[in-house]
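There are 2 protein chains.
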Amino acid sequence: MAVRELFVTPDAASRDVQLLRTADTAEIPITLVDDRVCARLSDTQHPQGVVAVVSTSRRTLTDVLRERPNLVTVLCGVADPGNAGTVIRTSDAAGADAVVLTRGSVDPYGGKCVRATAGSLFHLPVVTGVSPAPTVTALREAGLTVFAAALDGTDLETIPGEELRRPTAWLFGSEAHGLDPATAAAADRQVRVPIHGRAESLNLAAAAAVCLYASARAQRG
Amino acid sequence: MAVRELFVTPDAASRDVQLLRTADTAEIPITLVDDRVCARLSDTQHPQGVVAVVSTSRRTLTDVLRERPNLVTVLCGVADPGNAGTVIRTSDAAGADAVVLTRGSVDPYGGKCVRATAGSLFHLPVVTGVSPAPTVTALREAGLTVFAAALDGTDLETIPGEELRRPTAWLFGSEAHGLDPATAAAADRQVRVPIHGRAESLNLAAAAAVCLYASARAQRG
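Top line first, the protein sequences correspond to chains V and A.
Its first residue numbered 1, the first sequence is counted upward by one per residue in this note's numbering.
Its first residue numbered 1, the second sequence is counted upward by one per residue in this note's numbering.
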């Protein structure tokens with residue numbers, strides 16, 4: 001993350017002196033603003049008193065694959081910013097090397113998604129605007145095993161450890177419609193998180209957490 | 001779930017004939033309403049055309065413990081209805097036997113939480129209004145191992161399988177403040193989901209998914 005400029009309310013400034021000191025050392029311009037101005041700069045109802053202007057470094061799928069990733073998350077047509085942001089945060093926590101959002105997914109740089117990532121948007125490369133089919137092809141050509149999270153498919157718990165340990169990309173579809181059948185079929189395997197109770201499914205963020213941590217456990221165990 | 005009465009728009013009625021047939025067989029009164037009335041009955045911006053009046057059966061912690069549960073989720077002061085609902089849904093999926101919300105948590109029967117549960121609110125007993133300290137005492141006296149999800153603590157991946165296999169209750173605190181220290185200290189163990197990347201933490205729904213599925217895997221494996 002490259003912070004270019006900071007706007008801070010007096011309250012926030014007195015609460016977080018270290019932030020100002022760090023910004024000052026980095027020669028980042030700081031402007032004190034009152035609560036009214038901060039509210040106009042922010043798109044939340046209860047802004048926390050700090051607004052930053054940041055520059056983003058857009059990365060391509062080719063950039064990401066060149067670095068031989070072990071774990072990649074692909075969101076296919078995920079429209080809900082809270083869900084997308086949470087999965088980016090979870091991907092970061094699970095040690096994923098990148099997150100890819102296909103065309104038709106939410107803009108990860110929108111306010112609600114940025115907040116849901118809790119900073120993770122700036123921790124790992126986030127690729128946007130790609131199409132599902134060439135993405136799956138590129139991932140497989142780069143030597144990644146591609147798993148499609150699905151309601152039907154192999155039970156996650158029964159996948160052999162040696163397969164889970166390989167460099168892996170996980171495809172997740174939208175909450176409402178899941179993955180489109182062609183994309184799911186292009187994966188090496190369709191995988192389901194087992195449902196032990198009476199729920200019909202998990203929500204996207206929960207399913208992604210279980211899948212990504214299964215890969216992390218196998219790859220790092 | 002005991003449905004007492006249904007209000008349905010003509011659109012929804014023609015879309016889901018099976019629902020009406022089931023309700024009719026069960027002698028549940030059905031009233032056709034127009035979109036305007038449905039919008040007033042519902043608290044969402046885009047209602048799906050079906051509103052049900054249901055009766056809930058409130059259960060106590062004593063009721064739940066009498067049935068010797070293997071897996072129980074306890075939400076301590078979780079205020080966000082979306083988070084609480086998602087964890088109820090995930091608990092159901094992971095095969096948990098009950099969810100307990102301590103006093104100060106959100107009302108699980110509020111609209112936003114009900115929707116986030118995606119039906120799971122009616123699949124397993126949900127206990128509300130208890131205090132954390134006596135709840136932990138009662139869980140332990142009932143023979144459950146109590147794990148407190150925490151940022152510091154034993155790495156989840158290093159807990160011996162034989163310990164994870166025991167009947168278990170998981171305590172989760174609020175997004176903002178986590179568990180209060182006294183409650184966390186009263187657990188048998190404080191447990192953290194390992195963070196492999198640069199994220200500071202997982203969000204509640206993701207952490208709960210990883211923890212509950214770790215228990216399910218050990219108990220059912």
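Honestly, the hints are just simulated from the structure, not real lab data.
Don't take each hint at face value.
Which copy? The list can't say, so a pair holds if one copy fits it or any two copies do.
Capping the alpha-carbon separation at 25 Å, the derived lysine to aspartate or glutamate pairs in DMTMM-like fashion look like this [what the hints assert, rightly or not]:
| hint | residue 1 | residue 2 |
| --- | --- | --- |
| 1 | K112 | E175 |
| 2 | K112 | D11 |
| 3 | K112 | D16 |
| 4 | K112 | D43 |
Here is how each hint holds up against the structure:
no.: 1; hint: K112 with E175; result: both (17 Å within a copy, 16 Å between copies)
no.: 2; hint: K112 with D11; result: within (23 Å within a copy, 32 Å between copies)
no.: 3; hint: K112 with D16; result: within (23 Å within a copy, 34 Å between copies)
no.: 4; hint: K112 with D43; result: both (9 Å within a copy, 22 Å between copies)
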